[in-house]
Structures are given as structure tokens and as C-alpha cells.
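Make a model of the complete structure from these sequences and hints.
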Amino acid sequence: MDSLNPDLPPLTVTPVPPRVWKFWGTALWGLFIFAAMFVGQIGGVALLVAQRGLPMDLASIQLVGREPQALALSVTMGLPATLVAVWLAIRIKKASFVDYLALHWPSWKQLLLGAVGLILIVVAWETISRSLGREATPGFMTDLLKSGRDKGAALLLLFAFSVAAPMSEEVLARGFLYRGWSASFLRVPGAIILSSLLWTVVHLQYDMYFLAEVFSIGLWFGYMRYRSGSLWLTILLHALNNLTAVVLTMWLGS
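Using full-length UniProt numbering, the letters of the sequence shown correspond one by one to residues 1 to 254.
Derived from the structure by calculation, the hints contain no laboratory data. There may be inaccurate statements among the hints.
Claimed, not checked - Simulated restraints on C-beta separations:
hint, residue 1, residue 2, range
1, Ile119, Thr142, 28 to 36 Å
2, Leu243, Thr127, 20 to 28 Å
3, Ser107, Leu211, 27 to 35 Å
4, Met208, Ser107, 30 to 38 Å
5, Thr244, Ser107, 16 to 24 Å
Unchecked claim - Okay, derived cross-link-like pairs now, SDA-like style, lysine to any residue, Cα gap no bigger than 25 Å in a straight line:
hint, residue 1, residue 2
6, Lys151, Thr249
7, Lys109, Asn242
8, Lys93, Lys146
9, Lys94, Val20
10, Lys151, Ile61
11, Lys22, Phe38
12, Lys22, Arg130
13, Lys146, Arg130
14, Lys146, Gly25
15, Lys146, Gly133
16, Lys146, Arg134
17, Lys151, Trp251
18, Lys94, Gln110
19, Lys93, Gly133
20, Lys146, Leu219
Quick reminder that beta carbons are idealized off the backbone N, C-alpha and C, glycines included.
As C-alpha cells, then:
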């Protein structure tokens, strides 16, 4: 056999490096994806403005955008815009969309671990909130969800915050950003921290206390993304967190 001939050593196959955007490529495409998400969200509100025959200006968009139905449509429209932008970035690299984003189903053990960790983090922050006499949910979110319930937009808001928002944000943060940055000089720890910071920035409508809670949850999601190798896991955990918050606030909150 040729493999036993010392004059003819066996051929070695050099693995092809994965086609991944590294630090700056991921950062620039991340800005593009975020802009696409924003345009999609504004487009949803603009659609309602046009349907009502209002002038297409900033005042009309702000007026309509405060309504629960408009906000639900806005968040929902951000999802397809995000997916298209991410698909374009990955397509240019000629990589697999599924593999790039790690769209693989987690095991039940991984799902259980992720859920238990999330519950412990939420309970810890809830305990701190009560000890400080703070609201467990931002007041404006409580008003929005209850207004949506009273105006017949409960299911729209439930879908927007429990399905569309988790998918959009996870595809961007723990999907695209984590994938590229973890393959750069940042490695896994840096990718988890930086993607969690940027995910927190997306929630600047909250005060510093709630932003700290968001950041801690983001770190846990990032760790579970690394541990499981599954973006679906963080999407499910994110959806579980938002679903619980929406249901408790909308129907059970005082």
C-alpha cells in the first residue's frame, strides 16, 4: 500500500477555513443589519400612516407609532428586514445560512439548563427590585401592554414581543455578531461580552438598572450559545423570557 511506502507518504487534507466575517467585517455588516431592522420597523408605522391618509411626516409617524397596534406591527416588520440583511451578508461569503448562524436544535438537557439559569437570573433581579422598592417592569411597558390589551391588540403585541423581537435580536446578537467576533481576536469571551453590550444598547429606552439586568441576561444567552452551539436555544430562551413578562404584565399584573 502507498501509505506504507516511506518514499510516498500519505496525502494530508488541509481543512478549508470557514467563510466568516471577522471583527471589522462583522461590525460593519452589523451596522447595516441594525439599520435594515430600523428601516423595517419604521416602514411598518409608515404603512399605517399611509393607510389612514395622514401626511407622511415625522409628526404623523410619531403620533401613530405610539399606538399599541402600530408598535406591534413595527416590531414584527423588523424581523423580515433583519433576516434579509443577514442573508445578504452571509451570501456574499458563500457560506451556509444555517451553519453560519448555528440554526441547529438544542438537546432537552441544554434547553433545561438554559431555562433554569434564566429563571435564577430573573428571580435574583426581581428580589433586588423588591428590596429597593423598584418596579419589576418598566412603567412605560406596563402601560403599553395594558393599553394593548384594552384596545384589542393583545395578540399582536404578544406575537411581536414573544416571537418577532426575540428572533430579530438573537439573529443579530448571538447569531451574526457572535459568529464573526468569536472567530476574530476577541475569541469567545470577548464575543459574548461585546455582543451582549450591543444587545443592551438596543434597549436604551430603559434606565440603567434595567439595562444592567438586560446585560446580565445577554451574558447568559451568550454563554448558552457557546455551550450548546445552537442559536435556536437562545431564541427559545429569549421568547420564554418575553412571553412570561408580557403575560404577567398584561393579564396578571396589578
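Need the list of violated hint numbers for this structure, in ascending order.
Violated hints (numbers, rising): 1, 8, 12, 14, 18, 19, 20; every other hint is consistent with the structure.
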